[in-house]
Amino acid sequence: MTEQLELLGAIVRSIPGQLATLPGHAHTTVSQIATNPLNVSLLLLVLFLIFTLLPTEPTIPDPKTLPTRPSSYNWRPPTHVSANAIVWKEFTPKELAPFDGTDPNLQDGRILFAIRRKVYDVSGAGGRTFYGPGGAYSTFAGRDASRGLAKQSFDEDMLTSLDGPIDPLDDLTKAEWDNLRDWEGHFQNKYIMCGQVPFLTLAITSSRNELTTSGVQTHAV
Numbered sequence: 013m014t015e016q017l018e019l020l021g022a023i024v025r026s027i028p029g030q031l032a033t034l035p036g037h038a039h040t041t042v043s044q045i046a047t048n049p050l051n052v053s054l055l056l057l058v059l060f061l062i063f064t065l066l067p068t069e070p071t072i073p074d075p076k077t078l079p080t081r082p083s084s085y086n087w088r089p090p091t092h093v094s095a096n097a098i099v100w101k102e103f104t105p106k107e108l109a110p111f112d113g114t115d116p117n118l119q120d121g122r123i124l125f126a127i128r129r130k131v132y133d134v135s136g137a138g139g140r141t142f143y144g145p146g147g148a149y150s151t152f153a154g155r156d157a158s159r160g161l162a163k164q165s166f167d168e169d170m171l172t173s174l175d176g177p178i179d180p181l182d183d184l185t186k187a188e189w190d191n192l193r194d195w196e197g198h199f200q201n202k203y204i205m206c207g208q209v210p211f212l213t214l215a216i217t218s219s220r221n222e223l224t225t226s227g228v229q230t231h232a233v
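Okay, so the sequence shown: first residue is 13 according to the working numbering, each after it adds one.
Hints in this document: simulated from the structure, not taken from any laboratory. Because the structure is a prediction, the values reported are computed rather than measured. Please note that a few of the clues may not be correct.
As the list claims (entries may be wrong) - Ranges between beta-carbon positions, derived for each pair:
#	residue 1	residue 2	range
1	99	176	19 to 29 Å
2	64	101	51 to 61 Å
3	64	198	55 to 65 Å
4	145	175	17 to 27 Å
Built from N, CA and C at the ideal position, the CB exists for glycine as well.
Turn these sequences into a full structure, and let the hints steer you where they fit.
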């Protein structure tokens with residue numbers, strides 16, 4: 013913009029000299045236009061608008077020196093994964109159970125809560141108050157609470173055995189399914205999903221390299 017204004021000023025200052033080189037008739041006409049303040053103002057406005065609309069050359073930044081060795085990568089983070097990063101994982105019921113908030117040495121007392129086999133981290137967003145030790149829903153911390161939430165019951169008999177099969181929830185009524193879906197929507201909107209509890213829980217027997225699925229042994233391929 014500064015360069016454009018300077019160029020506009022130079023054009024205006026050169027007008028008297030240009031008038032002197034014009035033929036007599038043209039000189040008289042241009043002189044009449046130039047001596048009228050309104051005409052001069054309009055001319056300056058038109059010239060200003062023209063120069064404003066003209067594209068300007070982009071400013072080319074100074075080239076930067078590329079790093080020559082890894083140690084000069086100053087932008088590189090000290091570690092690529094934060095210690096507090098949430099990593100997606102599949103949990104067996106026994107693996108999920110310790111995350112009930114009672115062990116401060118287990119990932120800073122992390123609390124996990126499952127509904128319809130989807131595992132949520134409820135440690136933050138005020139969840140510790142409800143699902144941590146002493147909370148209203150602490151019975152379900154570290155467990156899949158689908159049946160209890162569907163039936164609006166917080167009794168421990170709503171929980172299935174850690175060694176038993178995954179609860180298929182096939183006996184729930186329509187009203188109970190509606191309750192469960194409402195709870196699931198609440199969890200999806202408020203907490204981070206960090207894993208799931210698969211229907212088929214596989215236990216690896218390292219001594220014979222076999223897989224056990226629901227009590228039936230099959231040799232690993």
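Going down the list of hints, with the structure as the test:
1. 99 with 176: 19 to 29 Å: Holds, at about 27 Å.
2. 64 with 101: 51 to 61 Å: Because 60 Å falls inside the window, the suggested range holds.
3. 64 with 198: 55 to 65 Å: Given about 56 Å between the Cβ atoms, the range holds.
4. 145 with 175: 17 to 27 Å: Distance hint for residue 145, residue 175 holds at roughly 24 Å.
In this structure, every one of the numbered hints holds.
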